[in-house]
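K.L.:
In the order they appear, the protein sequences are chains A and B. FYI, this note's numbering numbers position 278 of the first sequence as 278, with every residue one higher than the one before it. So this note's numbering is basically just the index in the second sequence, starting at one, shifted up by 368.
What the hints contain is simulated information worked out from the structure, not anything from laboratory work. Just to be clear, a hint being listed does not mean it is correct.
[What the hints assert, rightly or not] Straight line, CA to CA, 25 Å or less: simulated DSS-like cross-link-like pairs of lysine-lysine: (1) B:493 with A:123; (2) A:126 with B:493; (3) B:493 with A:112; (4) B:493 with A:104; (5) A:83 with B:447.
[Unchecked claim] If you anchor each label on the Cβ, the simulated ranges turn out as follows: (6) B:426 with A:72: 55 to 61 Å; (7) A:136 with B:392: 42 to 48 Å; (8) A:186 with B:566: 43 to 49 Å; (9) B:573 with A:5: 29 to 35 Å; (10) B:566 with A:145: 18 to 24 Å; (11) B:396 with A:145: 31 to 37 Å; (12) B:487 with A:145: 36 to 42 Å; (13) A:268 with B:573: 34 to 40 Å.
Idealized CB from N, CA, C, for every residue including glycine.
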Amino acid sequence: MVIEMLFRRIETVELRDVTKRYGDFTAVDHVNLEIIGGELLILIGPSGSGKTTLLRTINRLIEPDEGEVFINGRNIKEFDVVKLRRSIGYVIQQIGLFPHMTVKDNIGLLLKLEGWSEEEIDKRVKELLHLVALPEDFVTRYPHQLSGGQQQRVGLARALALNPPLLLMDEPFGALDPILRKQLQEEFLRIKEVLGRTIVFVTHDIEEAFKLGDRIAIMRDGRLVQVGYPDELVLNPADEFVAKLVNVDKKFKHLDTLKVKDLMVDVEKYIVEVQRKDELLQWMRDKNIEFAVIVEKGALKGVTDLKSLLKSQDLEEALMEPLVFSPGDSLASALAEMKRRNAFLGVVVEREKPVGILLANEVLLKLL
Amino acid sequence: MDIRWVWESQNLAQRTLEHLRMFGIALALSVVIGVLLGLYLYRRPKLAPIAFNVLNILETVPTLALLVLLLPVLGLGEKPTIAASVIYSILPIARNTYTGLTSVERSYIEVAEAIGLSEREVLLKVRFPLALPLIAAGVRIAVVFTMGVVTLGGLIAAGGLGAPIQTGIHLYDRDIIIVTGLWVGALALILDGVAALIERYLRDRYGRR
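With the rest of the complex left out, here is chain A (with noise of 0.2 Å):
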């Protein structure tokens, strides 16, 4: 079925002098933005700074004051709103599922207002189930019966489900906890790359920025101070601000000074000692985590995360050996074994019990 789109594909997004006013608080301060085509641009900026509000102007959630936006060289102005949001994907940190439909029907429901026949949705559904790794006998369950980044999947999935040339996303992440929200974004750059469509991403996390990002524009009290390719930004800073948030002054400094344990983060809340592959589900479901390091009697027996733990029989067969070091080992060489062995975490482990996790990117961010 063919969806009629306002526009196929997008050469510019472009905002021109947008303005937006609260009362006396000026959230966005003339602004001026372009955005090409296929790009991903992330929009960052300490909380206040107007980032959310200039991206809901994109999609008319918020009506500039001054100031105007085009798409492909239109006015948004032109179209009708109810098509313009259908042709713009829309992700929000709250992620914002409605609680009484099933996963299916939350991604399908726009098709179904676009008038799709229920072959076609079941198909297109659990296309995009795929997509976002998600099992296909996902479609029949409530959003409360899912973890928080199994909801930010049928998020991001419900988001794609029209094809929209066009991605707006409110710091998808931004709820979820580290290891997940790495996983995540390694997924999201996967589908990004299949999809290559242009994306709006407002994040307030530099790392994430940098990982996903094409160009970065950098927002502060409702302007925009600087909009560039991460190495421009890095090596040509507008100004202090600039050169704060993207950490210059902190690269390399003394990595061989480093130690595992001064950059592995906390393990304890992925620890469980459990028999069985059903008792881990639950477990992992209570606690709204998509990973685990399994000890038997205190002492590591494997990790695994919730996706290898559906698609296997028994626990035994989802468990995996990580990669392990002590504490006093040196950062260097953890980080140079982890690169060789094409792992991106490694089990940080004292007297056989696990008491930290190496992850390779967060390392390397900290680090930057």
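Chain A is fixed; fit chain B onto it per the hints.
P.N.:
What follows is chain B alone, placed relative to chain A:
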């Protein structure tokens, strides 16, 4: 106490059917009118305070007085009884419908608008389903009201289970009064129980966050 004698002499099987028929018609009318009024007031919120004030005033009129007031207009029997039931039941249903529609969490509405639902679609696909548990709670209150008014209808020749209670009072027959009274009470409990089950189902289905 001869239950069987009361049941047969007072024709309670027939009376129960009459009673449930009036109850059913009155409740169905109340639900339709109440929900529609709630929807209408949601679209015209300025009228809501006035409408609810009027309904509140009607609610304070004693049932017997209301039945008597309706006599000159609707005569004796079923009609004024059903009308009185409906007048009492509109308020809880309309008020809960209105409250349900207006108190849906803002974030759901925002998301619905953001992904491109029209105002009408937001109402039908998001607001109304999420309001259903509260609407059901209103209907449950109406079930209790309606049961009471329909029983009083016996006073104005509406038939139903109010009639044998009247007979019992006139004849000063304790057995008839107690048997019929307990039966009406049991029916009310059963209907309220059914309403409670439906309410709980809707809360589980549409009210989980």
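K.L.:
Give a verdict on every hint.
P.N.:
These are the hints, each one checked on the structure:
1. B:493 with A:123: Holds - the C-alpha atoms of residue 123 of chain A and residue 493 of chain B are around 22 Å apart, at most 25 Å.
2. A:126 with B:493: Given that 25 Å is the threshold and the Cα spacing comes to 22 Å, the pair holds.
3. B:493 with A:112: This hinted pair holds, its Cα atoms lying about 11 Å apart.
4. B:493 with A:104: Given that 25 Å is the threshold and the Cα spacing comes to 14 Å, the pair holds.
5. A:83 with B:447: 50 Å, violated
6. B:426 with A:72: 55 to 61 Å: 59 Å, holds
7. A:136 with B:392: 42 to 48 Å: 44 Å, holds
8. A:186 with B:566: 43 to 49 Å: About 46 Å separates the Cβ atoms of residue 186 of chain A and residue 566 of chain B, which means 43 to 49 Å holds.
9. B:573 with A:5: 29 to 35 Å: Holds, since residue 573 of chain B and residue 5 of chain A (Cβ atoms, about 34 Å apart) stay within the stated range.
10. B:566 with A:145: 18 to 24 Å: 23 Å, holds
11. B:396 with A:145: 31 to 37 Å: About 35 Å separates the Cβ atoms of residue 396 of chain B and residue 145 of chain A, which means 31 to 37 Å holds.
12. B:487 with A:145: 36 to 42 Å: About 30 Å separates the Cβ atoms of residue 487 of chain B and residue 145 of chain A, which means 36 to 42 Å is violated.
13. A:268 with B:573: 34 to 40 Å: 37 Å, holds
Of the numbered hints stated above, those contradicted by the structure are hints 5, 12, listed in ascending order.
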